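J.: Use these hints to put chain E onto chain P, whose structure you have.
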Amino acid sequence: MDRQIELLKFDPEDFENFKRKNFQERLKFIDFLVDYISKTPNKVWSAQQKKIVDSKGKAPA
Amino acid sequence: MELQFKGRDIIFDKELNHLDKLAIDFCAVLNKLKVKYVIISGYEAILFGRNRASEDIDMFIEKLSKEKFGQLWEGLQKEGFWCMNAEMDEAFSLLEDWLAPRFARKGEAYPNMEVKYAQKDLDFYSLSNKVKVILRGSEIYIGPLELNIAFKLRLGTDKDIEDARFLYKLFGEKLQELDKESLLSFVRLMKVEDKAKEYLWTAK
Numbered sequence: 085m086d087r088q089i090e091l092l093k094f095d096p097e098d099f100e101n102f103k104r105k106n107f108q109e110r111l112k113f114i115d116f117l118v119d120y121i122s123k124t125p126n127k128v129w130s131a132q133q134k135k136i137v138d139s140k141g142k143a144p145a
Numbered sequence: 007m008e009l010q011f012k013g014r015d016i017i018f019d020k021e022l023n024h025l026d027k028l029a030i031d032f033c034a035v036l037n038k039l040k041v042k043y044v045i046i047s048g049y050e051a052i053l054f055g056r057n058r059a060s061e062d063i064d065m066f067i068e069k070l071s072k073e074k075f076g077q078l079w080e081g082l083q084k085e086g087f088w089c090m091n092a093e094m095d096e097a098f099s100l101l102e103d104w105l106a107p108r109f110a111r112k113g114e115a116y117p118n119m120e121v122k123y124a125q126k127d128l129d130f131y132s133l134s135n136k137v138k139v140i141l142r143g144s145e146i147y148i149g150p151l152e153l154n155i156a157f158k159l160r161l162g163t164d165k166d167i168e169d170a171r172f173l174y175k176l177f178g179e180k181l182q183e184l185d186k187e188s189l190l191s192f193v194r195l196m197k198v199e200d201k202a203k204e205y206l207w208t209a210k
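For the record, the sequence lines run as chains P and E. Numbered according to this note's numbering, the first sequence spans residues 85 to 145. Numbered according to this note's numbering, the second sequence spans residues 7 to 210.
Chain E with its partners taken away, still in its complex shape:
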């Protein structure tokens, strides 16, 4: 695996699958409009090689004015996206109610982008500590891997634990790129010490 690290940025190249392409095209609209966002959860593992499919990509964005959301809506329409579960006003209301409008390519239902406002402390931490990934020259921002690993342990399904283990083994053990202190802090914060011991620290 060839990954280049520049500070916190990760630069790499891969054959793009349809989730990668969706993430790149959707994020291009957000980047153009300078909307702060961060991709979180399962796609972070898929981006770096976890072999599994997913129906959606989860994302937090900063809170937007109605006018800014209108620009985003227009930009997404222009780039060939549609909102599956709402028209524009309703989609804005969903966000304001901390719910998620979902955007897919026109004529498709999945994969889709599940977009929510950042609401909780950890969401804002993700936004403030996002990691820039330059994937085949395109910029996308993902949440801190340390947070995602602990969060996945907290979610606790088999799939989530597998994602956590994948990211920990790849970035923590093989690439030595994880901030171990941050990871420990998140593990303690989310009270998943037992799971970390069982599935990460002592995993052979």
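Bound-form chain P, shown alone:
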């Protein structure tokens, strides 16, 4: 198994580029979200937000 892992390629520079690109995409999504929320009734966007936020759930102590 270790031998198999050693044969894999990982390019740190390529990974950093991926991270940058991914972050830029996320920022674009934030802009989309703001645009959507500002044009959408509270009842509609907040019902969708509730699904996302509540999906994280609650952890029992």
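None of these hints come from the bench; they were simulated from the model. These numbers come from a predicted model, not from an experiment. Check each hint, because a few of them may be wrong.
Straight-line alpha carbon distances no greater than 25 Å define the calculated PhoX-like cross-link-like pairs of lysine-lysine that follow [what the hints assert, rightly or not]:
(1) K42(E) x K136(E)
(2) K105(P) x K201(E)
(3) K180(E) x K126(E)
(4) K165(E) x K105(P)
(5) K134(P) x K180(E)
(6) K12(E) x K112(P)
(7) K135(P) x K165(E)
(8) K140(P) x K38(E)
(9) K112(E) x K135(P)
(10) K38(E) x K136(E)
(11) K103(P) x K203(E)
(12) K27(E) x K140(P)
T.: Chain E in isolation, oriented as in the chain P frame:
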């Protein structure tokens, strides 16, 4: 989005998620006891629609006497909260040491309220310039959005920058409700001009 502004107050209605409910119920105890507090950081963005989960809600409170803290403790217990990381005396000591007792609903660990004393200039500025939000008829107080946006840029993780961008785009560009001069002052104070230029001013 329907938001009503009355001076600095923001009045609005939404479907409440479990973070909203936690904030409302916890703040109700503080309001009843007239303890000054302000919710800061990530929940400010979530409150207004940022789609992300969080394990906690951060809050500053004014410094309390031991007696007043005892009343707060009792009030929280009565309303179904427990302190996850300390008993009453230890929780008071945590606050006095500028650390944070965390309160969750009984039987749960998160989401929780992370409570700290205001300690630094910016914390006291937040307390003095808090914004009242009336959410479905319940009062909660949040820190000034301008300060939070600059602070988030200063924190600088991807998540924080996304929060800053969300609040700036929503309140600064769409709603035109940000005090741009204050925001600029906070950006300069926290030395995040470059980040503001990259992620806020020129963001298309």
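J.: When you check the alpha-carbon spacing of K140(P) and K38(E), does it fall within 25 Å?
T.: Violated, at about 30 Å.
J.: Hinted pair, alpha-carbon criterion (25 Å max): K134(P), K180(E). Please report holds or violated.
T.: Measuring from Cα to Cα gives roughly 23 Å; hence the hint holds.
J.: Measure nothing beyond the straight line between the CA atoms of K165(E) and K105(P); if it is 25 Å or shorter, mark the hint as holding.
T.: holds (15 Å)
J.: Within 25 Å, alpha carbon to alpha carbon, are K12(E) and K112(P)?
T.: violated (31 Å)
J.: Does K180(E) pair with K126(E) here, judged by a C-alpha cut-off of 25 Å?
T.: Violated, because 32 Å separates the two Cα atoms, which is more than 25 Å.
J.: Going straight from one Cα to the other, do K112(E) and K135(P) come out at no more than 25 Å?
T.: holds (23 Å)
J.: Would you check the hint for K135(P) and K165(E), treating anything up to 25 Å between C-alpha atoms as holding?
T.: Holds, because 20 Å separates the two Cα atoms, which is no more than 25 Å.
J.: So if I understand the rule, the pair passes when the alpha-carbon distance is 25 Å or less; does K27(E) with K140(P) pass?
T.: Given that 25 Å is the threshold and the Cα spacing comes to 15 Å, the pair holds.
J.: Taking 25 Å as the top limit, are the C-alpha atoms of K38(E) and K136(E) close enough?
T.: The hint holds at about 17 Å.
J.: Please work out if K105(P) and K201(E) have their alpha carbons no farther apart than 25 Å.
T.: Given that 25 Å is the threshold and the Cα spacing comes to 17 Å, the pair holds.
J.: Holds or violated: K42(E) with K136(E), Cα cutoff 25 Å?
T.: It holds: about 10 Å lies between the C-alpha atoms, which stays within 25 Å.
J.: With the threshold set at 25 Å, check whether the alpha-carbon distance from K103(P) to K203(E) stays at or below it.
T.: It holds: about 20 Å lies between the C-alpha atoms, which stays within 25 Å.
Comparing the model with each numbered hint stated earlier shows that hints 3, 6, 8 do not hold.
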